[in-house]
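S.K.: Throw the hints in and build the complete structure from the sequences for me.
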Amino acid sequence: MIIKVAGYVLMGILAMMVIPGNFDITTNDLTFYGAATMIQKDANGNEIFSQTVHNRIVDSGEDFLLDATFEDGSTDVADDVQIGSICISDSAVAPVEGLTAATFDTNNSFTEANCKEDTTVTTATGVGTAVIGSLQFTCGGTNCADDDVVRTIGICQNDTTDDLDFNNCATEGILFAAVDVTDTTLATSETVDITYTFDISSSGT
Amino acid sequence: MSTRKDISVVLIIGIAIIAAFFYLDVENSMLGKISHQFSPVDFEEVHDRNIVKNAIPITLINQNNGDCIVEGKKFFQITNHTYFVKSQELIDQLQYNSDDHTLVFPCDQLPSEKSRLEVWYVTTESENHGGKFDYWITPWTETVVHNLDR
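Heads up: the protein sequence lines correspond to chains B and C, in order. So that you can map any letter, position 195 of the first sequence is 417 in my numbering, and since no number is skipped, the others follow by simple counting. So that you can map any letter, position 116 of the second sequence is 124 in my numbering, and since no number is skipped, the others follow by simple counting.
Since the hints were made in silico from the structure, they are not lab data. Backbone N, C-alpha and C fix where the C-beta goes; we use that ideal spot for every residue, glycine too. Any given hint could be a false lead.
Stated by the list, open to error - Example chain B residues on the side facing chain C (calculated, C-beta under 10 angstroms, incomplete): (1) 225; (2) 256; (3) 287; (4) 288; (5) 290.
M.R.: Now the structure itself:
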């Protein structure tokens, strides 16, 4: 009896070894993604917390990529439109694909110039990445108020008129992507350095 | 006779299992998928997009019978994220005290009085090792020079 049971068990194990575990014929390999790295520093500039989290590329970001790359003679994307700004927000709403720049701003209560732009986004030839930053955000009335909580990061369009910090993503136009970060309270004189990396490198394409 | 026959069948199946380990792709079989759920996380098998990486400084406060109590002021920022589905497991493992922000580690894991605690966890969207996490401690290196102007 015991031998029979052992035989059935072994048969089951053999069957599980033979039957494939993945019935999906697609490779599920990701072709591109973006991620933000946030480094919080104390009043003396010492690192006290760091986090790297993936982004959610929103619909307007996808439209921008396709329009800028494939549309011939279209006016949907002007020549001077670039994605190179990072905006901080205290919105507790998780980023979704349909999030717009206007909604991103509406959900944010920061009244200061919460957006900074990188005028020299790094794109390495043959590597397949674009890097925005790092850009340093300071509270105390500059980019946010003391003890404000950063919960979401927006990747937005650069200001086409100047390179100064600005208030709100929709002011300039496009929200490209959003990142849900852990609640990070910036006390007096604390800062947060944020870097965004967009990676389309792939060995298979 | 029946017993001898049964033993023969079991032996044949056993040999077939051993052969299967050598000649079949067991990793991608149903058995491989099931065993993956219980194996430690292997970040090499997870796409970078699905890994959330965190780091904080930790400082030794006290020692007690081989256990070191450290202060990790920003530890709650690591565990306080919706993507970290098993954060309570880590909190329990490290005996985190939210009142004084202390953690407990075996002293032989601490390279110095001030060290770097890294915690990586996999988002549930990942095909491999979804929800799993791991942590380790490395020597602390200051990345920013003290600002003498402040």
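S.K.: For the hint on residue 225(B), just tell me whether its beta-carbon gets within less than 10 angstroms of chain C.
M.R.: The hint holds - residue 225(B) has a Cβ within 10 angstroms of chain C, the shortest such distance being about 4 angstroms.
S.K.: Less than 10 angstroms between beta-carbons is the criterion; does residue 287(B) satisfy it with respect to chain C?
M.R.: Residue 287(B) check fails; min Cβ-Cβ to chain C is 17 angstroms, beyond 10 angstroms.
S.K.: Given residue 288(B) as an interface hint, is the shortest Cβ-Cβ distance to chain C below 10 angstroms?
M.R.: violated (20 angstroms)
S.K.: Are residue 290(B) and chain C close enough, Cβ to Cβ, to be under 10 angstroms, as the hint says?
M.R.: Violated, about 22 angstroms.
S.K.: Can the hint on residue 256(B) be confirmed by a CB-to-CB distance to chain C that is less than 10 angstroms?
M.R.: Residue 256(B) check passes; min Cβ-Cβ to chain C is 8 angstroms, inside 10 angstroms.
When held up to the earlier numbered hints, the structure conflicts with 3, 4 and 5 and fits the remainder.
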